[in-house]
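Sequence order for the protein chains is A and B.
Residue numbers 2 to 436, in the working numbering, belong to the letters of the first sequence in order.
Residue numbers 5 to 266, in the working numbering, belong to the letters of the second sequence in order.
Errors might be hidden in some of the hints.
[Unchecked claim] Straight-line Cα separation of at most 25 angstroms, DMTMM-like style, residue types lysine to aspartate or glutamate; simulated pairs:
id: 1; chain 1: B; residue 1: 189; chain 2: A; residue 2: 153
id: 2; chain 1: A; residue 1: 263; chain 2: B; residue 2: 89
id: 3; chain 1: B; residue 1: 209; chain 2: B; residue 2: 175
id: 4; chain 1: A; residue 1: 139; chain 2: B; residue 2: 210
id: 5; chain 1: A; residue 1: 323; chain 2: B; residue 2: 217
id: 6; chain 1: B; residue 1: 206; chain 2: A; residue 2: 428
id: 7; chain 1: A; residue 1: 44; chain 2: B; residue 2: 164
id: 8; chain 1: A; residue 1: 139; chain 2: B; residue 2: 221
id: 9; chain 1: B; residue 1: 98; chain 2: B; residue 2: 63
id: 10; chain 1: B; residue 1: 11; chain 2: B; residue 2: 63
id: 11; chain 1: A; residue 1: 263; chain 2: A; residue 2: 284
id: 12; chain 1: B; residue 1: 187; chain 2: B; residue 2: 217
id: 13; chain 1: B; residue 1: 22; chain 2: B; residue 2: 36
id: 14; chain 1: B; residue 1: 202; chain 2: A; residue 2: 400
id: 15; chain 1: B; residue 1: 41; chain 2: B; residue 2: 248
id: 16; chain 1: B; residue 1: 202; chain 2: A; residue 2: 365
id: 17; chain 1: A; residue 1: 53; chain 2: B; residue 2: 240
id: 18; chain 1: A; residue 1: 289; chain 2: A; residue 2: 365
id: 19; chain 1: A; residue 1: 289; chain 2: A; residue 2: 200
id: 20; chain 1: A; residue 1: 264; chain 2: B; residue 2: 210
id: 21; chain 1: B; residue 1: 22; chain 2: A; residue 2: 284
id: 22; chain 1: A; residue 1: 323; chain 2: B; residue 2: 164
id: 23; chain 1: A; residue 1: 27; chain 2: A; residue 2: 37
id: 24; chain 1: B; residue 1: 252; chain 2: B; residue 2: 167
id: 25; chain 1: B; residue 1: 41; chain 2: B; residue 2: 6
id: 26; chain 1: B; residue 1: 265; chain 2: B; residue 2: 89
id: 27; chain 1: A; residue 1: 53; chain 2: B; residue 2: 188
id: 28; chain 1: A; residue 1: 27; chain 2: A; residue 2: 153
id: 29; chain 1: B; residue 1: 252; chain 2: B; residue 2: 240
id: 30; chain 1: B; residue 1: 40; chain 2: A; residue 2: 416
id: 31; chain 1: A; residue 1: 60; chain 2: B; residue 2: 182
id: 32; chain 1: B; residue 1: 265; chain 2: A; residue 2: 284
id: 33; chain 1: A; residue 1: 23; chain 2: A; residue 2: 37
[What the hints assert, rightly or not] Computed, partial: chain A to chain B, Cβ under 10 angstroms:
id: 34; residue: 247
id: 35; residue: 371
id: 36; residue: 375
id: 37; residue: 395
id: 38; residue: 398
id: 39; residue: 399
id: 40; residue: 427
Hints in this document: simulated from the structure, not taken from any laboratory.
Backbone N, C-alpha and C define an ideal beta-carbon position, used for all residues, glycine too.
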Amino acid sequence: MEWIDNVIFTVILALASFLFAKNANKIRRNIFLGKEINRSDRKGERWALMAKVALGQSKMVVRPVAGFFHILIYVGFVLINIEVLEILIDGIFGTHRVFSSFLGGIYTLAINFFEILAVGVILACLVFLARRVLVKIKRFHSPEMKGWASSDAKNILYIELALMYALLLMNAVESNFDSETVGPFLISGLIAPLFNGLEQSSLHILERTFWWLHILGILAFLNYLPFSKHFHIFLSFPNVWYANLDQKGRFSNMESVTEEVKKMMDPNADPYAAPDPNAPPPERFGAKDVMDLNWVQLMNAYSCTECGRCTSECPANQTGKKLSPRKIMMDTRDRLDEVGKVIDKKGSFIDDGRSLLDDFISREELWACTTCNACVQACPIGIDPLSIIIEMRRYLVMEESAAPQELNLMMANVENNAAPWQFAQADRLNWLEEA
Amino acid sequence: MELNNAKTMAEYASAGEKPEVLFWVGCAGSFDDRAKKVTRSFVRLLNRAGVQFAVLGTEESCTGDPAKRAGNEFLFQMQAMMNIEVLNGYDVQKVVTACPHCFNTLKNEYPQLGGKYTVLHHTQFLRTLLNDGRLKVEGGEYKGKRITFHDPCYLGRANDEYEAPRALLSELESNISEMKSCKEKGLCCGAGGAQMFKEPEKGNKDVNVERTEQALETNPEIIAVGCPFCNTMITDGIKAKEKEASVKVYDVSELLDNTFKQ
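Extracted from the complex, chain A is given alone in its bound form:
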C-alpha cells in the first residue's frame, strides 16, 4: 500500500492545478475584456527593461529597506522553487529527495543554500509584518487599505512564514534519521536537537507531516493567489515588458478624434455627407467602465501589489485630497472582478447598472490629479494609474460635458481666444512693447 500516498498526492496536485488554471484563466479573460493596444513593438528595449526593472529590481531599491527585504523574498521564492520541483517528483513517484541520488555533494550544498534563503525569507517576512503591524507606516494605513486589503497583505506573509518553517522543520527532523545521508544542514541542524530522543518511527511520521504541510501549503497558497494582490508574482514580469516606453509626458493620441478634427478642418469636406450606414456605432470617448480601458491598463490592475509607493508620492494625496493612485488600481481590479462574476453567471456581460466611474472612482478623485507622473515614476513594476485617470477625464469631458465649471471657462477661452485666459489673440505681442 506504499503507492496510496502517491496516488493521493497526484490527485491533490491535479485538482489544485486544475482549480488554479481555471481561476487564472478567468483573470486572463478579464484582462482581455480591455481594448486592443499594440505594446509588442520595440522588443529589444522591452526585454532590456524587463531585465533591469523586473529581474534586476532596479526600482525596488529606490527605497532601500523595503527593496532589500523584497529581494530576499523574491530570490528565495524563485530559487526555493527548484526544491519544490523535487518535492513534486518525490510526491508523484514515491521517491525521497530524488535529486540527491545524482547530485551527491552538490545536493547538500544546494539544500544548505536554500536553507539560508529560507532564513532570509523568514527574516524579510517578519520585517514586513513588523512594518505593517508595529511601525504603522503611513501608506499601509490609507483608507483604501482597510479590511480585505490589509488582511490579504498579512495573510501572504503568514503563509510564507509557515511554508518556510515547514521546510526547515522537515529538514531538522530528517537530521535525526539514522539513515540520514544528505546532510549536514546548516540551519535546520541548529533546530534538530528539538527532536532528539524521538523514536525513529515517530521521526519518520513527523518528517512526512512537515513534508505534507509544506506541499499542501504551497498548493493552497497557489489557489489563494487569484483572489489576492499576490497574483503580482505572475504578472509583474509581463507587466514591465508591456509598460509604456514613450516619454511620460506624451499622453495617448485619440485616433478617432483625429479623424473627426481633420474632417472639420477640411474645406473640401461635404457638410451634408451622411454617415456610412454600415459603419459600426462610434466608440465611447474615454473610459466610464473597465471595458473602455485597454488590456494593459487592466493587466496593471492585476499586477498591482498595493505597496502604495504611488500614493505616498502623489501631491494630491500628500495634501489630504481623496485621490490615491493605488486606489485607482484597486478599484479597477475590483470592478473588473465584479464584471467577471457577471460573465461567470450569465455567460456574457449584461449591464449590471454599475460602472468604474461613480460606483468605484469618484469625480472628485479624478479632478484632483495634477498629471505630474509621480505615481508612474514611483511604481516599481511600471503601472500607469495616470493613463486611467486621463481616460476617465476624457469620458467626463467629451461624453458628459461634466468638467468643473472653472475648467469649462478655461476651455471656452482656449476655443474663443486661443488662450486659457480671457485675453485677445491680437495682444499676444504686447510684452514686446512693454519692454
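Guided by the hints, dock chain B onto chain A, whose structure is given.
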C-alpha cells in the same frame, strides 16, 4: 545692440529670410505679468548671444495642453492642428520655449498630428549657447548665494531633463542646495493637469504650500524655477509663508539675465 527686440515669423518670411529658431512664447509668457518678465529676460539673452530668432506674435495660440490634460481631446487636437498649419507653413524646424507644458506638448504630442520639430526647453537652449561660447555669464551677484531648484514635472519626469537648468545655475557660481524630494522625486507645484485654472479639491493643505515648505527647508535665498506656472504657485506659497522679504522666486533665465545688469 537692441536687446529687447524680437521679430515675428511673418517679418522674416516677408524679407525672404529664415530664423535659426522659433521662440514659442506661450500663453503665460504672453499674458501673465510675471511670466512676461521671463519672456523679456529670455529675449535679452537670445539677443546678447546673437541668435536669429523669431516669434509668432499674434499668429501664436494655445498649444492645447490644458485642454488635453483636462480630457478635452477635441479641443486639444483642434488647437494642435491649427498651430501645426502655421508652423509648417513657415517651415519651422526648431522651437524653443520657456514653458515646460508647451515644450512637452510640442515635442511629444504634435508629431502624431503632423508637427515634427526639434523642440527645446529654454534651459536646454541656453545651455547650448553657453557650451558653444555664444553666451558668457559670470556669477556676479549670485556668487555663493543659496539657490534651490524646483523641477517642473513636464521638464523632469515627463521628459527626463534634470541637468540643463542645474548646469545654468552652476554657471552662476551659486550654492545650489537640493530639496529632499528633487529630480525624479520632485514634488509637483500643484498647477499641472489643468489645476492652474481651477480651485483644488478639498484637502488639508494646498500643494504649492507643501512644496514651498520643502523648498524653505533648504534655507534658500532664491528658489529657481523653469516654468511660468511653478513660478506663480511657488510665489503664492512664499506669500502664504510670509517670506517675500527674504526669499525670491526667479526663473533660471532671469537669473542669467540679471548677471548682466550693472
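We went through each hint and held it up to the structure:
1. B:189 to A:153: violated (29 angstroms)
2. A:263 to B:89: holds (12 angstroms)
3. B:209 to B:175: violated (36 angstroms)
4. A:139 to B:210: Within the cut-off at roughly 20 angstroms; holds.
5. A:323 to B:217: holds (22 angstroms)
6. B:206 to A:428: violated (36 angstroms)
7. A:44 to B:164: Distance ~22 angstroms between residue 44 of chain A and residue 164 of chain B Cα, so the pair holds.
8. A:139 to B:221: holds (22 angstroms)
9. B:98 to B:63: Roughly 17 angstroms separates the two Cα atoms, so the pair holds.
10. B:11 to B:63: holds (13 angstroms)
11. A:263 to A:284: Satisfied, since the Cα-Cα distance of roughly 18 angstroms is no more than 25 angstroms.
12. B:187 to B:217: Holds: residue 187 of chain B and residue 217 of chain B sit about 17 angstroms apart, inside 25 angstroms.
13. B:22 to B:36: Judged against 25 angstroms, a Cα distance of about 29 angstroms means the pair is violated.
14. B:202 to A:400: holds (21 angstroms)
15. B:41 to B:248: Cα-Cα ~18 angstroms, so holds.
16. B:202 to A:365: Cα-Cα ~13 angstroms, so holds.
17. A:53 to B:240: violated (41 angstroms)
18. A:289 to A:365: At roughly 15 angstroms apart (the allowed maximum being 25 angstroms), residue 365 of chain A and residue 289 of chain A satisfy the hint.
19. A:289 to A:200: violated (66 angstroms)
20. A:264 to B:210: Violated: residue 264 of chain A and residue 210 of chain B sit about 42 angstroms apart, past 25 angstroms.
21. B:22 to A:284: violated (44 angstroms)
22. A:323 to B:164: Not OK: residue 323 of chain A and residue 164 of chain B at ~28 angstroms, beyond 25 angstroms, violated.
23. A:27 to A:37: Measuring from Cα to Cα gives roughly 18 angstroms; hence the hint holds.
24. B:252 to B:167: holds (22 angstroms)
25. B:41 to B:6: Holds: residue 41 of chain B and residue 6 of chain B sit about 17 angstroms apart, inside 25 angstroms.
26. B:265 to B:89: violated (39 angstroms)
27. A:53 to B:188: Within the cut-off at roughly 18 angstroms; holds.
28. A:27 to A:153: holds (20 angstroms)
29. B:252 to B:240: holds (11 angstroms)
30. B:40 to A:416: holds (22 angstroms)
31. A:60 to B:182: Holds. Residue 60 of chain A to residue 182 of chain B sits at ~21 angstroms (cutoff 25 angstroms).
32. B:265 to A:284: Violated, at roughly 58 angstroms.
33. A:23 to A:37: OK: residue 23 of chain A and residue 37 of chain A at ~23 angstroms, within 25 angstroms.
34. 247: holds (7 angstroms)
35. 371: holds (4 angstroms)
36. 375: Check passed: Cβ of residue 375 of chain A comes within 7 angstroms of chain B, closer than 10 angstroms.
37. 395: This hint holds: residue 395 of chain A lies near chain B, its Cβ roughly 4 angstroms from the closest one there, short of 10 angstroms.
38. 398: holds (4 angstroms)
39. 399: holds (6 angstroms)
40. 427: With Cβ-Cβ at 5 angstroms, under 10 angstroms, it holds.
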